[in-house]
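Chemist: Those protein sequences? They're chains A and B, same order as listed.
First residue of the first sequence: 12, per my numbering; consecutive thereafter.
First residue of the second sequence: 10, per my numbering; consecutive thereafter.
Just to be clear, a hint being listed does not mean it is correct.
Unchecked claim - Estimated spans, in silico, between C-beta atoms of each pair:
#: 1; chain 1: A; residue 1: Ser328; chain 2: B; residue 2: Asp92; range: 29 to 35 angstroms
#: 2; chain 1: A; residue 1: Ser328; chain 2: B; residue 2: Met93; range: 25 to 31 angstroms
#: 3; chain 1: A; residue 1: Glu632; chain 2: B; residue 2: Arg35; range: 58 to 64 angstroms
#: 4; chain 1: B; residue 1: Val33; chain 2: A; residue 2: Glu355; range: 35 to 41 angstroms
#: 5; chain 1: A; residue 1: Arg283; chain 2: B; residue 2: Arg35; range: 33 to 39 angstroms
#: 6; chain 1: A; residue 1: Leu14; chain 2: B; residue 2: Leu24; range: 56 to 62 angstroms
#: 7; chain 1: B; residue 1: Asp92; chain 2: A; residue 2: Leu187; range: 43 to 49 angstroms
#: 8; chain 1: A; residue 1: Gln514; chain 2: B; residue 2: Val15; range: 42 to 48 angstroms
#: 9; chain 1: A; residue 1: Leu187; chain 2: B; residue 2: Leu31; range: 21 to 27 angstroms
#: 10; chain 1: A; residue 1: Lys469; chain 2: B; residue 2: Met93; range: 51 to 57 angstroms
#: 11; chain 1: B; residue 1: Val33; chain 2: A; residue 2: Glu483; range: 27 to 33 angstroms
#: 12; chain 1: B; residue 1: Val89; chain 2: A; residue 2: Leu491; range: 31 to 37 angstroms
#: 13; chain 1: B; residue 1: Met93; chain 2: A; residue 2: Leu220; range: 34 to 40 angstroms
No wet-lab data here; the hints were simulated from the structure.
Where is the CB? At the ideal position from N, CA and C, for every residue including glycine.
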Amino acid sequence: MTLFSRMELLVNRAFTSRYNPFMHLGQIAIFLLLLTAISGIYVLPFYSINAQNAYISVNNITEDRIAGIMRSIHRYSADALIIVLILHGIRTLITRRLLQSRWLVWVSGVLLFGAVLIEGLTGYWMVWDQRAQLVALGITEFLDELPVFPKPLAMSVAGEESLTSLLFFAVVFTHLALPLFSSVLLLLHFSRLSGVRLLPPERVAVLLLAVLLTLSLLKPAISAPPATPYDIPVKVPVDWYYMLPLPLMQSHPRLSWLLLIAITAFLLAVPRLLQKEWLSARIRRETCTGCELCYADCPYGAISMLKDGEKKVASVSGSRCAGCGICVGSCSFNAVEFGDTELELLRKEVKSLAERDKTLVVICRHCLGGKAADRLMQSNVKVLSLRCIGMLHPLAVADALDAGVNKLVIAGCKHGDCRYRFGNLWTEDRLSGRRAPVLKHPEAGRVRLCWLMPGEEKKLISALEEGKCDREKPAPHLILMLLLLFTLPLSYFSTSPAYSLMQADKAMLLFTMSHPGERLVPCREPTVEELRAGNLTPCPRERSPVEVVLAIDGRTVLRKSYQPSGLWRDGPSYAYERIEVEPGEHTLEVRIRDSAEGEFRYRLVERVRFERSRVVILKFEKGRFHLGDG
Amino acid sequence: MDATPVALLLSAFFLLLLLKLLPVLRGERRIKMVVLEELCNGCGNCVVACPVNALRGGVGGGKGESGEGMVMRIGEGVAVEVDMNRCERVRNPDAEKPCRACIDACPMDAINFTCQP
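Kindly produce the complete structure, drawing on both the sequences and the hints.
Modeler: Encoded structure:
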């Protein structure tokens, strides 16, 4: 038994299956998304979209009573969303709810998770405090690792010009527009389900809201100190739910790209890797009466009714079939073929297993498979193991009762936990007469239903002896404990432990350069004819790389040759380097050579004071050095 | 400038939108009566058995010709639904014992109820 299912069992003991958050993870995620949307929309009018005023406007939000709470809810529901989504993913993976047609649900889910991460990071960027600075540096340096942006994005985040308003606007735009785009993904996420409930049970929602509100009142979300381009962000409280990859992104950008691509590719490929066979139901047209029962029962909307001459006929779309076999249990006319089973064969099997005065147990293979079945077999009980309990047609149940079995126990997953969504619900409704096809048998009352979780095989055996399954009762003290177990990490990791970009007792030299190298081939003036023909540069445009040698106290710390940008290698060379320096006074020597051969044309030697946790910015632009600090 | 009114207005608008969508979000189920026309012999037992039909007179003969205020009637030889909103089963689907008068009355097992997703 895995750790996860142990955890789930514990949670179920506290909440009971009706309110078990583990069985409503997706719905809870939707609820949290709605909370972030509402709180986000509420604080939006307070926010001013530019780097200069953003920090002040966010501070105003915090000081306003309602908006402050809204901001906190915005943060904590976003953090809780990450926890819930990860659990949702793990649960989907280990219960294999991603096979067959459900690959689309998984793939859209993985992409949605990525969108949520981007939302979180851009959201923290918008505040433009020191935390935002960290995020911004992290993201831009990470993006600069790709040869996409000719001028490093990081240059507009760090340094004097601070933040170009265009980049900042792009970030805000992403944060506002991404939810709209990803709602398409969200629709895709549900598109293959029928009868979707998007909201969790009211009590779960209220409890969650109460937790988030309490947390918001006890520990309101506040900004870090305002962003200062001349300071190294030291001991900044960061939200580890979103910024966990930040340290790796900043220390090993190339490795993190590889990891990102590898992990994404792996996650996207998981359904394909796990898929062994594709089982899909088939309808026999001759026998189908067009009663629509399978159409109404299919939890994935894979069955549609087609016109076949005079009558209507059901038809299964193979690509949407999740392979549960619930339709076998809804067709009384043996019109559904499912792999190597069909209703008639199932009934035959039941008839052969059912013996007078013996016990027959029908179990769901997923929650009570394997060992439980073996153990039952040994205890002289006949066992029928089904792919989904929903396959069990009432006619087969009636067959077993006709055969005169002593006890007939039908055991499957708990409500809300069915691997195929509705198998257990439909079975219960069919046997109790709520749903067609209903069980019509004078002894229908003798059937015992037993809904269990994986790992509760013992309960099944005791249920066999006593003839009934025990009722679930909520355990308030366990609920309280679990809530604390959820809330404490939620509150702690949203700000702690603090993160420093560099050690506090170090200083930093930030060197940026944008300088075009010399042309490789000196160009002549274009002739009048060439100008007339629109040819302004009659010779090869390629430029030479720019070589930089940077020494501190005579020790070379940087020697690098920067390639010209542009497809034709005719643009300026850009440099962006962060160099750690011991605090104190140092002699800084920079030499720059911008031609292939020839000497270092630009040279700067200067005594510079480096102070603890401060940044000295050295810029080289238009052939001139600019040295600046706070 | 105090942005509170704008914020309240915007979020109220969003909330209203959500409320409008609430039935969709909660995934409310529609219950539908399905009559298997191949099986139905038009006997009218269901029309007589239905407790809602019985509240109105006029089910004499078991066909419920007028159909007024009824759940189902017999038309063209088979049972057809008239107004499912009156049906006890549709109005109270989560009852401990949902109404199944018509299902039990049918000699041909031609009446079923489904939850249309």
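Chemist: So, for every hint listed, does it hold in this structure?
Modeler: For each hint, the structure was consulted:
1. Ser328(A) <-> Asp92(B): 29 to 35 angstroms: holds (33 angstroms)
2. Ser328(A) <-> Met93(B): 25 to 31 angstroms: holds (28 angstroms)
3. Glu632(A) <-> Arg35(B): 58 to 64 angstroms: Holds: the Cβ-Cβ distance is about 60 angstroms, inside 58 to 64 angstroms.
4. Val33(B) <-> Glu355(A): 35 to 41 angstroms: holds (40 angstroms)
5. Arg283(A) <-> Arg35(B): 33 to 39 angstroms: holds (34 angstroms)
6. Leu14(A) <-> Leu24(B): 56 to 62 angstroms: With Cβ atoms ~40 angstroms apart, the hint is violated.
7. Asp92(B) <-> Leu187(A): 43 to 49 angstroms: With a Cβ separation near 47 angstroms, Asp92(B) and Leu187(A) satisfy 43 to 49 angstroms, so the hint holds.
8. Gln514(A) <-> Val15(B): 42 to 48 angstroms: For Gln514(A) and Val15(B) the Cβ distance comes to about 45 angstroms; the hint holds.
9. Leu187(A) <-> Leu31(B): 21 to 27 angstroms: Hint holds: Cβ distance 25 angstroms, inside 21 to 27 angstroms.
10. Lys469(A) <-> Met93(B): 51 to 57 angstroms: violated (45 angstroms)
11. Val33(B) <-> Glu483(A): 27 to 33 angstroms: holds (30 angstroms)
12. Val89(B) <-> Leu491(A): 31 to 37 angstroms: violated (55 angstroms)
13. Met93(B) <-> Leu220(A): 34 to 40 angstroms: holds (36 angstroms)
Going down the numbered hints, you'll see the structure goes against 6, 10 and 12, while the others check out.
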